[in-house]
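Peer 1: Chain residues, written in single-letter form:
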Amino acid sequence: MKKVINDPATVVTDSLRGLAAAHSDLLRVEYDPDVVLRADTVVRGRVALISGGGSGHEPLHSGFVGHGMLDAAVPGAMFTSPTPDAVQAAIKATTVDAGALLIVKNYTGDVLNFETAAELASADGLDVRTVVIDDDVAVADSTFTAGRRGVGGTVLLEKIAGAAAERGDRLDDVEAVARKVIGQVRSIGVAFTAPTVPHIGEPSFELGPDEVEFGIGIHGEPGRERIKAEPADALVERMVSAVVEDLPFSRGDDVLLFTNSMGGTPLVEVYLAHGIAERLLADRGINVTRHLVGPYVTSLEMQGISLTVLRLDSELADLWDSPVNTPALRWGM
Amino acid sequence: MKKVINDPATVVTDSLRGLAAAHSDLLRVEYDPDVVLRADTVVRGRVALISGGGSGHEPLHSGFVGHGMLDAAVPGAMFTSPTPDAVQAAIKATTVDAGALLIVKNYTGDVLNFETAAELASADGLDVRTVVIDDDVAVADSTFTAGRRGVGGTVLLEKIAGAAAERGDRLDDVEAVARKVIGQVRSIGVAFTAPTVPHIGEPSFELGPDEVEFGIGIHGEPGRERIKAEPADALVERMVSAVVEDLPFSRGDDVLLFTNSMGGTPLVEVYLAHGIAERLLADRGINVTRHLVGPYVTSLEMQGISLTVLRLDSELADLWDSPVNTPALRWGM
Amino acid sequence: MACAAGDVVAALREAAEVIAEHRVELTDLDRPIGDGDHGENMNRGFAAVLSTLEEVPDTPGAVLKNAATTLISKVGGAAGPLYGTAFLRAATAVSGKSELDAEAVVAALRAGLEGVVARGKAEPGDATMVDALSPAVEAAEAAKGDGVAALLGAAADAADKGAESTVPLVARKGRASYLGERSAGHLDPGARSTALLLRAFATAAGRA
Amino acid sequence: MACAAGDVVAALREAAEVIAEHRVELTDLDRPIGDGDHGENMNRGFAAVLSTLEEVPDTPGAVLKNAATTLISKVGGAAGPLYGTAFLRAATAVSGKSELDAEAVVAALRAGLEGVVARGKAEPGDATMVDALSPAVEAAEAAKGDGVAALLGAAADAADKGAESTVPLVARKGRASYLGERSAGHLDPGARSTALLLRAFATAAGRA
Ligand SMILES: Nc1ncnc2c1ncn2[C@@H]1O[C@H](COP(=O)(O)OP(=O)(O)O)[C@@H](O)[C@H]1O
Ligand SMILES: Nc1ncnc2c1ncn2[C@@H]1O[C@H](COP(=O)(O)OP(=O)(O)O)[C@@H](O)[C@H]1O
Ligand SMILES: [Mg+2]
Ligand SMILES: [Mg+2]
Ligand SMILES: [Mg+2]
Ligand SMILES: [Mg+2]
Numbered sequence: 001m002k003k004v005i006n007d008p009a010t011v012v013t014d015s016l017r018g019l020a021a022a023h024s025d026l027l028r029v030e031y032d033p034d035v036v037l038r039a040d041t042v043v044r045g046r047v048a049l050i051s052g053g054g055s056g057h058e059p060l061h062s063g064f065v066g067h068g069m070l071d072a073a074v075p076g077a078m079f080t081s082p083t084p085d086a087v088q089a090a091i092k093a094t095t096v097d098a099g100a101l102l103i104v105k106n107y108t109g110d111v112l113n114f115e116t117a118a119e120l121a122s123a124d125g126l127d128v129r130t131v132v133i134d135d136d137v138a139v140a141d142s143t144f145t146a147g148r149r150g151v152g153g154t155v156l157l158e159k160i161a162g163a164a165a166e167r168g169d170r171l172d173d174v175e176a177v178a179r180k181v182i183g184q185v186r187s188i189g190v191a192f193t194a195p196t197v198p199h200i201g202e203p204s205f206e207l208g209p210d211e212v213e214f215g216i217g218i219h220g221e222p223g224r225e226r227i228k229a230e231p232a233d234a235l236v237e238r239m240v241s242a243v244v245e246d247l248p249f250s251r252g253d254d255v256l257l258f259t260n261s262m263g264g265t266p267l268v269e270v271y272l273a274h275g276i277a278e279r280l281l282a283d284r285g286i287n288v289t290r291h292l293v294g295p296y297v298t299s300l301e302m303q304g305i306s307l308t309v310l311r312l313d314s315e316l317a318d319l320w321d322s323p324v325n326t327p328a329l330r331w332g333m
Numbered sequence: 001m002k003k004v005i006n007d008p009a010t011v012v013t014d015s016l017r018g019l020a021a022a023h024s025d026l027l028r029v030e031y032d033p034d035v036v037l038r039a040d041t042v043v044r045g046r047v048a049l050i051s052g053g054g055s056g057h058e059p060l061h062s063g064f065v066g067h068g069m070l071d072a073a074v075p076g077a078m079f080t081s082p083t084p085d086a087v088q089a090a091i092k093a094t095t096v097d098a099g100a101l102l103i104v105k106n107y108t109g110d111v112l113n114f115e116t117a118a119e120l121a122s123a124d125g126l127d128v129r130t131v132v133i134d135d136d137v138a139v140a141d142s143t144f145t146a147g148r149r150g151v152g153g154t155v156l157l158e159k160i161a162g163a164a165a166e167r168g169d170r171l172d173d174v175e176a177v178a179r180k181v182i183g184q185v186r187s188i189g190v191a192f193t194a195p196t197v198p199h200i201g202e203p204s205f206e207l208g209p210d211e212v213e214f215g216i217g218i219h220g221e222p223g224r225e226r227i228k229a230e231p232a233d234a235l236v237e238r239m240v241s242a243v244v245e246d247l248p249f250s251r252g253d254d255v256l257l258f259t260n261s262m263g264g265t266p267l268v269e270v271y272l273a274h275g276i277a278e279r280l281l282a283d284r285g286i287n288v289t290r291h292l293v294g295p296y297v298t299s300l301e302m303q304g305i306s307l308t309v310l311r312l313d314s315e316l317a318d319l320w321d322s323p324v325n326t327p328a329l330r331w332g333m
Numbered sequence: 001m002a003c004a005a006g007d008v009v010a011a012l013r014e015a016a017e018v019i020a021e022h023r024v025e026l027t028d029l030d031r032p033i034g035d036g037d038h039g040e041n042m043n044r045g046f047a048a049v050l051s052t053l054e055e056v057p058d059t060p061g062a063v064l065k066n067a068a069t070t071l072i073s074k075v076g077g078a079a080g081p082l083y084g085t086a087f088l089r090a091a092t093a094v095s096g097k098s099e100l101d102a103e104a105v106v107a108a109l110r111a112g113l114e115g116v117v118a119r120g121k122a123e124p125g126d127a128t129m130v131d132a133l134s135p136a137v138e139a140a141e142a143a144k145g146d147g148v149a150a151l152l153g154a155a156a157d158a159a160d161k162g163a164e165s166t167v168p169l170v171a172r173k174g175r176a177s178y179l180g181e182r183s184a185g186h187l188d189p190g191a192r193s194t195a196l197l198l199r200a201f202a203t204a205a206g207r208a
Numbered sequence: 001m002a003c004a005a006g007d008v009v010a011a012l013r014e015a016a017e018v019i020a021e022h023r024v025e026l027t028d029l030d031r032p033i034g035d036g037d038h039g040e041n042m043n044r045g046f047a048a049v050l051s052t053l054e055e056v057p058d059t060p061g062a063v064l065k066n067a068a069t070t071l072i073s074k075v076g077g078a079a080g081p082l083y084g085t086a087f088l089r090a091a092t093a094v095s096g097k098s099e100l101d102a103e104a105v106v107a108a109l110r111a112g113l114e115g116v117v118a119r120g121k122a123e124p125g126d127a128t129m130v131d132a133l134s135p136a137v138e139a140a141e142a143a144k145g146d147g148v149a150a151l152l153g154a155a156a157d158a159a160d161k162g163a164e165s166t167v168p169l170v171a172r173k174g175r176a177s178y179l180g181e182r183s184a185g186h187l188d189p190g191a192r193s194t195a196l197l198l199r200a201f202a203t204a205a206g207r208a
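Chains as they are written, first to last, in the numbering used here: chain A, 1 to 333; chain B, 1 to 333; chain C, 1 to 208; chain D, 1 to 208.
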């Protein structure tokens with residue numbers, strides 16, 4: 001394993017020091033427990049939006065702290081949920097009178113740790129709610145399983161809920177818009193290689209030279225199915241139909257299409273996939289009116305891509321378009 | 001080789017279709033020859049800023065087309081300079097009365113092809129100049145060699161010259177500020193893995209499990225020296241001193257520090273390196289007043305990072321801060 | 001024989017040592033069906049527990065409660081809140097007592113199991129730590145007439161078997177469940193760590 | 001024997017075929033010391049030249065000029081403008097002639113060499129295509145009394161040797177120069193493609 005690190009045990013904290021140096025205008029970092037906070041001061045009457053999870057998915061979540069998006073991000077160890085004390089520290093630093101919404105990706109660890117923190121904060125008299133995003137159609141949704149994972153849709157959720165919080169919506173309304181996004185967003189991922197977690201030092205799984213994991217998560221867990229490598233047209237068709245048939249999206253829908261690099265896949269391929277996906281959606285009468293392309297929800301150096309489709313109405317489109325100023329997403333200011 | 005492509009022969013064009021779909025507000029693409037153009041109309045009195053080169057370095061250059069940066073990008077085949085007819089098409093589409101500046105990375109192929117195009121355009125009565133960026137300190141600069149390569153500094157040059165063109169500077173002045181940037185910017189890169197060019201299908205070079213190429217370019221050409229893998233502190237120190245001693249940068253300098261991912265290195269490591277580099281510069285009394293961190297000048301999926309340092313004065317800092325709106329760099333609007 | 005606070009401390013020391021020894025094994029078990037961090041998570045947590053054991057509180061319950069808080073804040077992942085809750089419920093079950101007899105140890109184990117189930121909603125057969133802990137509690141109950149060391153030995157044996165029983169199962173909770181049918185054929189890492197912890201407790205009790 | 005436009009076309013067809021056959025070899029030569037595209041570049045260019053050869057212009061110079069324009073716009077990289085310039089200068093050197101005798105062929109080769117040097121500023125010994133082309137021109141000059149086919153054969157032989165001579169050299173132009181000392185020990189891909197082109201021309205001339 002060759003990586004730009006000093007010590008697997010300190011890689012997350014060491015990286016946060018660079019993040020803090022690079023973006024001191026937007027955010028500040030507190031250490032032990034590690035939390036990333038908006039640089040501007042906490043505002044009375046504004047709902048605090050907080051997210052977090054295992055590290056290794058950068059820019060998720062720390063790169064989305066700033067105006068119009070997250071008030072705090074709580075980075076856990078690599079691929080490991082942060083602990084409740086860190087989440088509590090983020091809540092304490094950002095939450096005043098209007099309460100807080102915690103955005104949690106649906107993994108047992110994240111759900112348990114964030115819910116524990118929310119309970120403890122509620123016991124302190126704060127109105128702290130959690131929403132759990134579970135947009136990955138690769139996982140069968142059933143009460144007999146841990147349920148679907150939260151993946152690419154998380155970025156869209158953080159942006160849209162962040163815009164609602166920024167414009168002063170009350171907690172009920174921020175929560176409602178968040179639940180609307182969760183209800184209307186679906187994702188699927190594929191991987192060509194496995195990520196290497198620093199403290200393990202070897203790839204999380206092995207793939208043959210023409211094997212592809214279909215329905216991959218973002219933690220190096222293998223996908224739902226192993227398929228043969230195929231041309232981009234066929235692969236993207238497989239992904240688009242998995243996503244479209246799930247919600248299902250229908251003819252006439254306006255959608256946001258988000259084509260994501262899992263980290264190691266070059267941008268040239270991500271745009272290539274995006275172009276194909278847009279065409280395949282258009283063939284089905286689905287209208288892509290908003291676009292996002294790039295490495296936003298990654299799994300370290302894993303090669304692969306994911307597609308996320310969010311059905312838009314005018315409220316969601318407006319919130320998406322609202323100004324945002326974070327290290328990784330910025331427009332309108 | 002597993003990649004999201006249909007055919008190595010059409011990968012660049014196929015990818016441009018996705019770029020065009022994703023950013024129709026900012027740019028439009030013309031095909032055969034392939035050129036990426038600003039979506040808004042050409043303005044009389046404004047210098048056209050054009051760059052380009054082999055593909056595979058995305059977002060360079062296409063991702064920097066837009067307000068305050070490039071008027072056109074000319075993407076060649078993978079790692080292969082575009083041909084003069086494509087550069088001429090870009091010149092014709094963007095250049096009115098104020099002339100054009102071509103930003104060329106110093107590779108024999110790019111220089112020859114862009115200069116040929118510039119000569120042909122000059123013969124048509126247009127004022128077309130070229131500046132050649134050669135910021136890579138890994139290569140010995142000598143009239144007996146092809147000279148230094150153009151690498152990470154190219155992004156900073158395109159941003160700053162783009163801001164000068166946007167505010168209406170005359171060609172002489174845009175060229176002068178471009179030459180100032182070229183005179184004050186230095187870079188160095190390292191690689192842990194080699195990129196795989198689609199039409200070749202295998203990595204460009206082999207590296208042992210603990211070998212690092214020091215002084216790498218961005219085309220899969222091996223570096224100047226092969227070293228043993230070492231902790232981030234030592235590696236970044238080696239990089240910082242190569243850069244600082246070259247210009248040299250001195251105590252009291254204000255600089256922009258740009259820490260770049262070569263593509264396959266996760267952001268968490270890039271920020272980690274950035275934090276170390278900032279500290280090492282501070283130790284030398286060099287003041288980092290502007291920051292850029294991320295995958296901006298890549299070499300497909302190659303793992304590695306580069307450091308670029310630009311000495312700032314108030315003119316360069318102002319131009320850096322000016323509004324920019326491109327797919328890959330955006331602020332102030 | 002009954003356990004005083006010092007005995008619980010000794011058991012936790014033994015647990016920390018065993019977890020450290022099996023760090024790589026636990027992580028390797030978590031790689032094919034999870035995200036390859038269970039050994040790291042457990043080791044980070046128990047190393048932290050170890051570092052808090054210098055000052056010994058005066059009751060077994062207090063020792064367990066400190067361990068619970070440390071595990072909740074240091075382990076992370078799914079295992080952190082689950083083991084944290086288990087230790088917290090165990091602590092509550094025996095709070096106030098200065099020594100734990102066999103009855104009390106079984107009550108603590110059962111409370112721990114109930115805590116895991118309350119938090120994680122897993123049932124036996126879902127291929128989780130519950131598959132080790134649940135038969136362990138039954139075996140402890142059955143052996144409680146033979147004293148603390150013996151009942152913990154019986155619990156550890158049952159946990160080993162229970163952990164083995166996860167191999168053919170299709171996981172229905174935790175990350176492994178994302179794999180569907182592909183999760184079958186693997187030993188659940190959390191079940192294994194539960195078995196290791198119980199074995200460590202039995203070893204420490206046997207020594208006392 | 002002298003070459004008419006049709007003979008130049010035949011030579012270019014042969015060249016396109018030889019380049020296609022050696023595409024992988026040229027790319028492999030470019031990988032350790034360059035960016036691994038020389039075979040692709042040359043093949044893209046000569047395939048394009050081939051596709052323009054249906055309509056034969058009436059002079060050798062016109063055929064060469066068309067080839068030059070196509071190479072400039074299709075090869076890309078360093079080799080594109082260099083070979084393009086070589087063909088353009090060669091075309092200019094023989095423009096107007098309807099047939100090329102040995103003298104004219106040598107003049108065309110020499111003009112091509114001068115074009116490459118004018119554009120690329122490489123000197124013999126810099127480990128570039130100049131190391132193949134420069135001795136080839138001298139050999140052609142020396143053999144011009146023996147007719148076109150023989151002088152091209154002599155040129156190809158000299159180019160082969162010249163290409164081989166780049167192996168021990170430290171490159172001073174092109175991408176290979178970035179490697180410094182590490183560039184020694186490799187055959188320069190452009191020198192190899194020059195030798196292949198001259199061999200193809202000699203083969204075609206031998207057939208005519
Ligand atoms: N809902 C659950 N109920 C009981 N145990 C669970 C549950 N989810 C996960 N586990 C246990 O946690 C173990 C994984 O722990 P760990 O790897 O540390 O956390 P994570 O899965 O978050 O990376 C699994 O092997 C399983 O035994
Ligand atoms: N300045 C130069 N003068 C002469 N030949 C050169 C020069 N630079 C490069 N070459 C030739 O070009 C060849 C490389 O061509 P190619 O791989 O197609 O282009 P690129 O280096 O741009 O990828 C080298 O092997 C060398 O023979
Ligand atoms: Mg985990
Ligand atoms: Mg090239
Ligand atoms: Mg795990
Ligand atoms: Mg080349």
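Simulated from the structure, these hints should not be mistaken for lab results. Don't take each hint at face value.
Stated by the list, open to error - Facing chain B, according to a computed beta carbon distance under 8 Å, are these residues of chain D, among others:
id, residue
1, G36
2, E40
3, N41
4, K74
5, A78
6, G120
7, K173
8, S177
9, Y178
10, L179
11, G180
12, A184
As the list claims (entries may be wrong) - The calculated lysine to any residue pairs, modelled on SDA-like cross-linking and capped at a C-alpha distance of 25 Å, are:
id, chain 1, residue 1, chain 2, residue 2
13, A, K228, B, R129
14, A, K228, C, P32
15, D, K121, B, R129
16, C, K121, A, T130
17, C, K121, A, L120
18, A, K228, B, D7
As the list claims (entries may be wrong) - Calculated from the model, a selection of chain A residues having no Cβ within reach of chain C, i.e. all distances over 10 Å:
id, residue
19, T116
20, S314
21, A317
22, D321
Each residue gets a CB set at the ideal place from its N, CA and C atoms; glycine is no exception.
Peer 1: Does the claim that A/T116 lies outside the interface with chain C hold up, using a Cβ gap greater than 10 Å?
Peer 2: violated, 6 Å
Peer 1: Could you let me know if the closest chain C CB is still more than 10 Å away from the CB of A/S314?
Peer 2: Label holds. Min Cβ-Cβ 35 Å, cutoff 10 Å.
Peer 1: Regarding the assertion that A/D321 does not contact chain C, is the least Cβ-Cβ distance greater than 10 Å?
Peer 2: holds, 34 Å
Peer 1: For the restraint on D/G180, tell me whether the closest CB of chain B is nearer than 8 Å.
Peer 2: This interface hint holds because 6 Å falls under the 8 Å limit.
Peer 1: Return the status of the interface hint for D/K74: holds when the least beta-carbon distance to chain B is below 8 Å, violated otherwise.
Peer 2: Result: holds, 7 Å to nearest chain B Cβ.
Peer 1: Is the interface hint for D/A184 satisfied, with its Cβ closer than 8 Å to some Cβ of chain B?
Peer 2: Hint on D/A184: violated, closest Cβ of chain B at ~13 Å, above 8 Å.
Peer 1: Verify the interface restraint on D/A78: the C-beta must sit less than 8 Å from at least one C-beta of chain B.
Peer 2: holds, 4 Å
Peer 1: Using the nearest Cβ pair, does D/Y178 come within less than 8 Å of chain B?
Peer 2: Since chain B brings a Cβ to about 5 Å from D/Y178, closer than 8 Å, the hint holds.
Peer 1: Regarding the pair C/K121 and A/L120, is the alpha-carbon distance no greater than 25 Å?
Peer 2: Given that 25 Å is the threshold and the Cα spacing comes to 20 Å, the pair holds.
Peer 1: Decide if the proposed pair is consistent with the structure: A/K228 and C/P32, CA atoms, cutoff 25 Å inclusive.
Peer 2: holds, 20 Å
Peer 1: Given D/N41 was flagged as interface, is its beta-carbon under 8 Å from a beta-carbon of chain B?
Peer 2: holds, 6 Å
Peer 1: Need the status of pair A/K228, B/R129: alpha-carbon distance at most 25 Å?
Peer 2: violated, 50 Å
Checked against the numbered hints given earlier, this structure breaks hints 12, 13 and 19; the rest are met.
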